[in-house]
Amino acid sequence: MKKYSFYLIASLFVFLSCEDAREIDPTDLIDSNQAFGTVGDIEQGVQAAYGSYTPENVIAFSSRFVDDLRIGSNSGGQGIPDLSQVLDPGSGSTTGIWTTNYSVINLATQVILAIEAFETDDESERVRLNRALGEMLALRSLAHIDLMALYSSDNNIAPGGEFAADALAVPYVNSIIVFEQPVRNTVAEFSAAVIADLDRASSVLGNQTDINRVTPEFITAARARLALYTGDNTGAIANANSLIADIPLADKADYLGIFRDTNDEEVIWSLIRNQAAGGSPGGLFAFGTRNPFLEVSFGLGDLLDPMDARREVVIDLVTSESGETRVGKYFGRPGEDLRNNVKVFRVAEQYLIKAEAQARSNDLSGAAATIDLLRDARFGSDQPTPSYGSLRDAIEDILLERRLELAYEGHRYIDFRRTRDILGNGIVRDSRDCGAQGIPCGIPVDDRRFAMPIPNVEIAGNTAIIQNPGYGN
Amino acid sequence: MRSKFTLFLTLLLALVTSFSFAQEKTITGNVTAAADGLPLPGVSVVVKGTSRGVQTDFDGNYSINASSTESLVFSYLGLKEQTIAVGGKTVINVVMEEDAELLSEVVVTGYSTVKKESVTAAQTTVTAETIENVPIPALDQVLQGQVAGLSVNAGSGQPGASGTIILRGRSSFNPNANIEPLFIIDGVPVDEDNFRSINSNDIENLTVLKDASASAIYGNRGANGVIIVTTKRGSFNQPLSVTYRSQYGFTDLIEPNINFLNSTQFLTYQRDLGAGAGNGLTDAEIAQFGQVNTNWQDILLRQGKTFSQEVTFSGGGENSRSFSSLQYFEQEGTSLRSKLQRISLRSNLDARSDKLTFSSNISLNFTRNDFVVNGAAGGGSLDNPFLAAFISLPYYSPFNPDGSLNVTGLSNDPITGAALGPTGFQNTPFVTQNTNRFNTNREDEIRAVISVSGKYQLADNLSIGTNAGIDYTQENDLDVISPVSLRGQFNVPNAAAQIRGSRREATQRVLRVNWSNNVTYTNTFADKHNLEVGAFTEYFKQQFRDAGFTGFGIDPRLPNSILGLTSGQTADPDGTTPYVPTLEGRSVDLGLFSVFGLVRYGYDGKYNIEANIRRDASSRFSSDNEWGTFFSVSGRWNISKENWLSNSTWVDNLALRAGYGEVGNQDIGFGQANIFATRDLFSSGTGYAGNPGVFPFAIGNPDLRWETKKSINLGLDFGFMKGRLSGSLDVYQEDTEDILLSAPISATSGFTTILRNLGELRNTGVEFAMSYDVVQSNDLVVNLFANTAYNKNEVVSIDGEQEFVDRGNTQSLSVGDPFGSFFDVRYAGVNPANGRPLFLDVDGNLTESFSLDNRVILDKTRDPEFSGGFGLNVTYKGFGLTSLFSYATNVWRNNGTLAVVEDPSLVGIANQSTRVLDRWTQPGDITDIPDPQFFNRFADGTRYLEDSSFLRLRNITLGYTFNSDQLKNHFKSIQIYVQAQNLVTWSKWRGFDPEDNNAGSFFDFPVGRTFTLGFDINF
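Chains A and B, in that order, give the protein sequences. Using my numbering, the letters of the first sequence map in sequence onto residues 1 to 473. Using my numbering, the letters of the second sequence map in sequence onto residues 1 to 1019.
This is chain A alone, in the form it adopts within the complex:
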């Protein structure tokens, strides 16, 4: 009896194997050391990086914050904080843009590091890896450029303004960060690093032609944009010229089709938005069956000439009810309301880059001629060539052209802040678009909100980062 009970007690304590309660591995997730084991895995990382790149964040902010939208007929309050020009370090727009772009940069960097560490003697694998490397370097560059365009600041509105060489850009990141606290690089350091990435991308990418992914033209377009922003007018003209020479502008008859995804005239990079991946850029302005909570502002709508091909693109003339001016740029495809690919780079932008760089290089007649080419194409007929008496005149006209051509493509806010050193303009909304319902009519030229605030999420985790002027800290 005694012996029996001893065994009974002993067995109670040892009978249970405690290992299976203590050691449990994840079943739905991949441990980091197994994430990039094959070239196929690395290519999945590339797909993830493309999938994470979200220009819609900038499109939403830029179009709502400035003067291209008004409250729509189905408003339930969507987009009102941006439309109300509330911009603080806690604002959703700055938080979203910052974190999304840096997560693209982080993912691209992880893939780049995995490629660099990947050992293979297989030539076909090496070709695939090189393409992936070029794509990730280029995409990382674009995510960096987006951030600089919105956040760089030098505290005053001197010539060269927010993009002067010694102004603060944002941290350039090409390593895995955990507890490190990166500082903001100067615009000069930052653009040098981005250009180096683009150079390296060019050298490995190969002759890619898929306009839905990174191509040599993608890299040139990114170079042109960066050059214009940072005052490298020569570089901007050279890169723009190279693309203009390669890719013709769309005919007037084809223009609408670009945005309806029925042709890809003049498109350099078309970021796919489809049912499988989700994402509906038109959802930034409307929901459901195109019920608009934001509509094209009177200020923008009135600028569009009925003969201008851009009118029916900017304004949805098909489904707008009486009194409505629904946004038409992301009208959608059959069966897919409000869903279109995002044309991040089009050659039309290159004309505008070239014209602006020409104007800034004091080639005012050259700038006028470049603008005229674009207008002729959009009207489908010869338009009078503009004549610019001064840099200010030229920039003002180019800005107007950019507003029409690049509406709802994420440029408006950046264009305003880039040019206010020359134009001296704050934002002034059309009186019909503002005043009522708490919507302000504009902000003065020296307002802090012309540079986005570094978001609180960054400041909380990074005490080394310097906030933009006027936002505290």
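Hints were generated in silico from the structure; no laboratory data involved. Treat the hints with care, since some could be wrong.
[As the list claims (entries may be wrong)] Cut-off 25 Å, straight-line C-alpha distance, at most; resulting in silico cross-link-like pairs (DMTMM-like, lysine to aspartate or glutamate):
1. 541/B with 25/A
2. 455/B with 318/B
3. 80/B with 642/B
4. 541/B with 28/A
[Stated by the list, open to error] Pairwise CB distance ranges, derived in the manner of DEER restraints:
5. 27/A with 176/B: 18 to 28 Å
6. 804/B with 448/A: 21 to 31 Å
7. 19/A with 951/B: 50 to 60 Å
8. 685/B with 466/A: 32 to 42 Å
9. 703/B with 19/A: 17 to 27 Å
10. 466/A with 671/B: 29 to 39 Å
11. 176/B with 306/A: 53 to 63 Å
12. 252/B with 445/A: 54 to 64 Å
13. 19/A with 978/B: 50 to 60 Å
14. 442/A with 411/B: 37 to 47 Å
Built from N, CA and C at the ideal position, the CB exists for glycine as well.
Position chain B against the provided structure of chain A, taking the given hints into account.
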């Protein structure tokens, strides 16, 4: 040993044999209480060693058949049991002595039971009487106001919805950490949300272990306290008794404390603001269109019915006993489609022999829940009837021209003629009704809690025990957008698709297995030294599985079948394939293994000390931090047992308790990122254009360990005036250390936070509970009871360096302030000169410009300062009146609902509160509604931060009990009662319900007011 057993058997046989020879006779008598000499009804009178028993009637009389060789056992809870040999007597009158020290009363504590007089911890027991027959299908809500320091907030008025239970304040500011107590039902740890679905009539008692003295033995699961539920069991030696319960009732909405514009007011307001249909109308036109004036609350909301039937069987013989219950419960919510139906079944069995005891508990529930809104959409969904009831336009008629209810919407605005999208904003009230009628969002839950336990006496003082339990929950979700509904016709799968509608089915199952074993030694030395030593092991494993799909395109002829769905490959004429189904699934396992022990020592009933220690291993942490040690030490001094007090005539009981303990919280969140938070992880997902992609999921922190709570508790238990006045007072300080903080890291990492053990939080508080029999006479008993708790919460440290972290409105952390303090710009009314809203800047100066830089930490939180309950119970002859009030003070919440219905930017499409009529219109106007042109709902600071403190008459019940005499012995008793839940609420809150578990309301489903009529019949 063997010889003893044989002797016992022989005696037993002799006894049994003697039955047949003894002469049976009828014994009668009267039982009175020694305390007041009054008759005692309900005393159990049992012939010893048999199952023959009766209860005394209302006048204390009984009558029973027994033979002269037998003895009668008289027992009554709280009184000393008496055994009297029958002998030659035919009348046996008994005076029942009070069991002055309640020596026999045993209470439940962690993994064991102790005598009430030996309890060293702060713990409270709620008994069956207070939770029976409350018509709330969620047990957590039944506990509201019952236990000092236990704060329960309902999350929703959906019947059966789970609330949030917080004991002694929020113990963590980690938003993913579980801050709710551990729930144990008959030895089985169960999911805290599913715990609600137990039939509350099955509960014998429920013990809340508040401080670490008692909860430390639950180791890394005990940090938030433990609630131990013991279900009802039969009694040995008692004939079968049957109880039938039946309840009928209805639920209404509580008045919302907000009024809405009627059509005339609304159209005039639109005209004034130059927006919407009212814009440009003449007075005559407004008068004409204002004739249609719909109160959408009447159309969209309803009175819900409650219905319940239950039967229980209870009884037992010499060596076995059983309790079984079967219940059907049905409750409708206050909106169409909101409904809960539940079938509960329980069977509890016990068997005993000389050395072995064995118990089994089986409980099965089937619950069907129908929800109001499809999908996971929250309060802002346009299909939410509690949104639509507020914002729908009053000049729209709810009826078709033929007088029938319009559930398909309007194609044009009746005033402007403007086309309305079939599911556009203005059609909200129609879409809501349509969705509620044609679509389905249903959750079927099957739940089983099963346990078996046994105890074997190895030797006189040594026993071994085991307890194995399973908690199994399976939830089947069904979410159907019917092809004939508006959503189906116009939105799902998309506007152009040829085949309409969608169907989501998902099955989630959670299996928790728990097995604990123990060896226990108990002995008494020299009559004064009581010793108990226990050693335990425990194994716990949880499996979570979830799988489901959403299919698109339903054949209207097969609306209820998966086979009615398209294959997914179907292509529309336009070439698109909108029917591709989506899949979902999760698989997560969790485990714990523990070794622990406890020692109890008592001296002469005066001094008790208890110590326990537990080693826990959790699968959540890396091998360096896998094991943790938790312990507690506590003691009790029964002052009233000291010689100098023991003869006091007015002090029955006076005891001091003190305890210190350290407990852990390993439940740092359920998501994969939390369960595997020590590892760098990637996820597989949909990448670019739908191609497979691999994404960084989380950055791991291998140094993570559990949150630890160190708590100290001092308590005083008292009982005066022969039990008429009793209660307890506790003070505590609880420090939670190593709180997992989603510590901010630079977003350049691709993430914004990483989990780290950084924070420290302190809760200090006082709890007081008392009960007083104001009147105690033969016919009339008036009892007054109250409990109150004060809790102060303070962030002691965030990460050692920072004093403040901006995490948004109520999540911000500020050292020295309570966690959950609102952090916002102070709204300061309206400038009478220009109608602009005024704010205070950080220095307290008035300013008209709104800036988030002016946010300050406010002395306002969503958690109450004082909370508790009180009530009055009166019994007069057969009548009984019980009442329970509950209250919470200094509770603040953001009223997002009110902000929407006062937002002039929505005037074109949504109705507004009548408060907008008081808006500023000209210089000099003193009002708190600004000029509409300056209103911005997203830049209004504390304007809608409202005091949601409340006092609520949570339950009041009036009943009458017919005793067996009145019923001429056809029944043992019949009770009839009427009951009201939430009859009256006093609060400054403007909305349906001040009480909710969120920090900001947004068209929540409010808890309603329920009236029920019930019958209990005992056979």
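So, going through the hints one by one against the coordinates:
With a C-alpha separation of about 14 Å, the suggested pairing of residue 541/B with residue 25/A holds against the 25 Å cut-off. Among the hinted pairs, residue 455/B with residue 318/B is consistent with the structure: their alpha-carbon atoms are about 18 Å apart, no more than 25 Å. The hinted pair formed by residue 80/B and residue 642/B meets the criterion: a straight-line CA distance of about 22 Å does not exceed 25 Å. Between the alpha carbons of residue 541/B and residue 28/A the distance comes to roughly 18 Å, so the proposed pair stays at or under 25 Å and holds.
Between residue 27/A and residue 176/B the Cβ separation comes to about 20 Å, which falls inside the hinted range of 18 to 28 Å. For the pair residue 804/B and residue 448/A, the supplied restraint of 21 to 31 Å holds, since their beta-carbon distance comes to about 22 Å. Evaluation of the 50 to 60 Å hint for residue 19/A and residue 951/B yields a pass: the beta carbon distance comes to about 54 Å. Between residue 685/B and residue 466/A the beta carbons are some 35 Å apart, a value that agrees with the proposed interval 32 to 42 Å.
Our hint of 17 to 27 Å for residue 703/B and residue 19/A holds, since their Cβ atoms are close to 23 Å apart. The hint said 29 to 39 Å for the Cβ distance between residue 466/A and residue 671/B, and at roughly 34 Å that hint holds. For residue 176/B and residue 306/A, the Cβ-Cβ distance of about 57 Å falls inside the hinted range of 53 to 63 Å, so the restraint holds. Between residue 252/B and residue 445/A the C-beta distance comes to about 59 Å, which sits within the given range of 54 to 64 Å.
Under the hint 50 to 60 Å, the C-beta atoms of residue 19/A and residue 978/B, about 58 Å apart, fit the expected range. A hinted range of 37 to 47 Å holds for the C-beta pair residue 442/A and residue 411/B, which are about 39 Å apart.
Violated hints: none; the structure is consistent with every hint.
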